[in-house]
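Asker: Here the structure of chain A is known, so what remains is to put chain B in place on it, guided by the hints.
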Amino acid sequence: MSPTRREFIKTVGAAIASTQIPPETAAMSAEPAPIAAPSPAPPQAGGKRKVIYDQDNSGPFGTDILGTLMMLQAGNIDLLGITMVTGDAWMKQEMAYTLRLLELMGRTEIPVYPGAEFPMLNTKEEWLLRLQLYGGHRLDPWLGAFNKNNGGPDEIKPLPAPYDRFADLKGQQDHAARFIVKTVRENPGQVTIYAGGPLTNVALAIALAPDIVPLVPEIVVMGTGFHVFTNAFNIFFDPEAGRKVLRAAWPKLTIVTVDLAEELHESDEIAPGRRMVDEIARRAVSPISDLFQRYAVEPLQQNPGRKLFRMADEMIAAQIIDPSIFTKSEQMYVDICTTPGPRYGDSMFWAKDWEGTADAGRSRVTASDSRVFVNPRQFYLGPPPSAGLVNVLLEADHDRFKKLFVDLMTKPLKK
Amino acid sequence: MPTSSGLLAHSAMVSPAPQTPSASNGKKKVIYDQDHRGPLSTDTTATLMLLQADNIDLLGICTVTCDMWAKQETAYALRLLELMSRAEVPVFMGAEEPLLNTKAEAQMRYQMFGSRTLGNEGYLGCFAKDAGNRDDLTPLPPPYGRFARIKAQPEPAADFIIRTIRANPNEVTMYCGGPMTNLALAAMLAPDIVPITKEVIFMGGGIHHSSSSVNVYFDAEAAKIGFRAGWPKFTLVTTDLAEQVHLGDDGKVDAIVDRAHAPIADLFRLYEQAPQRANPKRQSFRMPDEMMAAHVIDPTIFGGYDDMYIDIVTHNDGHYGDTSFWDASWKGIGGDTAGLGQNNPSIKAGRVQMLKDINKARFRDLFVDLMTRPINGFK
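Respectively, the protein sequence lines represent chains A and B. Residue numbers for the first sequence follow our numbering, so the first one is 1 and each next one is one higher. Residue numbers for the second sequence follow our numbering, so the first one is 416 and each next one is one higher.
Bound-form chain A, shown alone (with noise of 0.2 Å):
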């Protein structure tokens, strides 16, 4: 049997032979080589660390509003913003549910920064579009914001239990991306960005104020994938922008891929017979009790086989918070497709030291035919120029990560 993807990269990774060979980014790429400094260690200002979280948080409940919830419960966090982005849902509609949140949590100091509305270049139609002509996504039907019932950008929804209202809180004016961007020159090195969605704010703030990037520590990002699928929804979503952010050259970029993502349910048990949900339902206060009675308890008493969603938020939010819990992690070029075909949006992935391979010395070839570039460093298991190169979480520590999860939803609210 060959070798599952994901096991081929694995094997490529840790056969990195004593090559001399220095590790260089694509020769032909005439940008400067990204910068793969080895984890900084996470910057904590008075103990905590600064986090600009961006998230498309489809409420009332799921993995966005999780992640949200472990940032705002952690104690090591210091949460500078929260910015919006059209994803799962539409802008107006998560900020609608953020805003509610915070209020119900009692963090109405967290400020919170309208983003985009619509992808870059996506629109609903030519999605629809390519569904018919290239046919669907079978692993994850899923299309956000651009799903049949949700309406239009302007359609905001009441609020359901326990939210109730909407907000008296309000917004703030200024867009998203500049926030990100005055943010982080005005703690240079300092704020790592949590990115939950499309990552659109990102790419708009990079595209503005590309000085920006080396002044990141670290931005988490949820989507790609090896095996599972490699074409996951923040990416697809806006595939223009996953490129650009994945390629941009940030001091470190971490991948939560949705292989990771998928070894962990919001309905797993945290011991044998005793589910995450229920012991949050019963031991958490109020609002996090109610969410979880309403909409994990409840559901999964109806219908005790239903596994619920794959922690990818939870786990972004994992890695800001406690890093240790990610046992493996492995320094990859990443890179998506952005032909409007039915590759739309698809990640593929080479090994940082493919040229120390076995099989990369047989790729190493001169041309016979003189017109014909051959970039020796560049072929066969190469990346192609301009890809990024990124970090991605390989394994997590289940238990410890579901030990934080419960911990965090079960403390008292922070204040």
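Some clues are possibly wrong.
Said to hold, decoys possible - Result set (SDA-like, lysine to any residue): computed pairs, CA atoms no more than 25 Å apart in a straight line:
(1) A/Lys-182 with B/Arg-581
(2) B/Lys-763 with A/Gln-132
(3) A/Lys-124 with B/Trp-741
(4) B/Lys-486 with A/Leu-215
(5) A/Lys-124 with B/Val-609
(6) B/Lys-763 with A/Pro-342
(7) A/Lys-182 with B/Lys-486
(8) A/Lys-182 with A/Asp-211
(9) B/Lys-486 with A/Lys-92
(10) B/Lys-613 with A/Glu-117
(11) A/Lys-92 with B/Pro-606
(12) B/Lys-566 with A/Ala-209
(13) A/Lys-170 with B/Arg-578
I should point out that these hints are in silico values taken from the structure, not numbers from a laboratory.
Answerer: Same frame as chain A, but now just chain B:
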């Protein structure tokens, strides 16, 4: 609660540019967005036209990477303003790179698929193989003798565009002489400016001469966003139109060198007349940006326009940046009647007014007149 900070916070080195909300005295308010290639090019010549026209209120000059890197273009624009004694016109540096396109990919696409051959549109601007890098200022001769003393504004071009259009609703004409990177960023950050922009004028693409040109294929994604955004009026100069007039035609250059004032006479003598005399076979460039300027200054020079739909190919292949056109009256010319074929535009295609029928004599007269007027004669 932190309050909104409005625009980006800037260092206090340069005071913010004046907004000139309604002090234009009947003049046409123009934001001039340009990949300003020095020392003399279609870009620079158009800049001179707008600086010399007495019916134009030039609110600001934005630069965008394409013909050169934005930093180099900015250096040329600033120094040109000094030479023209127009230091009051603020300069805003815009996008230093296209939204997605990279030099390495542009080069690799040409290897795989060949360069654009039709119309000799193989030009890659600052993505050319031997061109310098984004931050290179040193390999460049200092613009016009030395670098300018005046400085660019600290605000990014896209923010200036947003702020200015909001302060002058329905009054601002956006002249986009380079890729639409700045315009696309502005429209994404502030979709509310789209319906209150008076007109966008852009040069690029074509039907017969070539299916694309550098302002489109340098940043195809920005072009797609810009064309599709839904501006009240989008005027297009195609390569087909621009190729009808070249700078060297009709003795324009000699007339300007003879009659113009400094520094315009010197620029044309040094950078156009001298190379032409040294190499009589040299083909002078077409006049796309000058045509855009002519349209802004005196639209009656053009006999009309075709109403068209337009869309852009963003596939990362040999067609990257190709333009597709459809007749806006496609329903009336066979439409999608069975058996007659379908002529419909793509579902999100943009609508443009494609200029045609330039009055060459009047265009020549306007151009020579503007170049030979006293410098700032209207001030």
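Asker: If a hint holds in the structure, say so; if it does not, say that too.
Answerer: Hints and how they fare:
1. Restraint check: the Cα-Cα separation between A/Lys-182 and B/Arg-581 comes to about 21 Å, which is no more than 25 Å; the hinted pair holds.
2. The hinted pair formed by B/Lys-763 and A/Gln-132 meets the criterion: a straight-line CA distance of about 17 Å does not exceed 25 Å.
3. Proximity of A/Lys-124 to B/Trp-741 is assessed by CA-CA distance (about 22 Å); at most 25 Å being required, the pair is judged to hold.
4. Of the supplied pair hints, the one linking B/Lys-486 and A/Leu-215 holds, its CA atoms being roughly 21 Å apart against a limit of 25 Å.
5. Only pairs whose Cα atoms come within 25 Å are accepted, and A/Lys-124 paired with B/Val-609 is accepted, the gap being roughly 20 Å.
6. A threshold of 25 Å between alpha carbons decides the hint, and for B/Lys-763 with A/Pro-342 the separation of about 19 Å falls inside it, so the pair holds.
7. Between A/Lys-182 and B/Lys-486 the CA atoms are separated by roughly 22 Å; this keeps the pair inside 25 Å, and the hint holds.
8. For the given pair, A/Lys-182 sits about 11 Å from A/Asp-211 by alpha-carbon distance, which is consistent with the 25 Å threshold.
9. Taking the CA atoms of B/Lys-486 and A/Lys-92, the gap is about 37 Å. The hint is violated against a cut of 25 Å.
10. Restraint check for B/Lys-613 and A/Glu-117: the C-alpha separation of about 23 Å stays at or below 25 Å, so the hint holds.
11. Between A/Lys-92 and B/Pro-606 the CA atoms are separated by roughly 14 Å; this keeps the pair inside 25 Å, and the hint holds.
12. Under the criterion of a C-alpha separation no larger than 25 Å, the hint pairing B/Lys-566 with A/Ala-209 is consistent with the structure, at around 18 Å.
13. At most 25 Å may separate the alpha-carbon atoms for a hinted pair to count; A/Lys-170 and B/Arg-578 meet this at roughly 23 Å.
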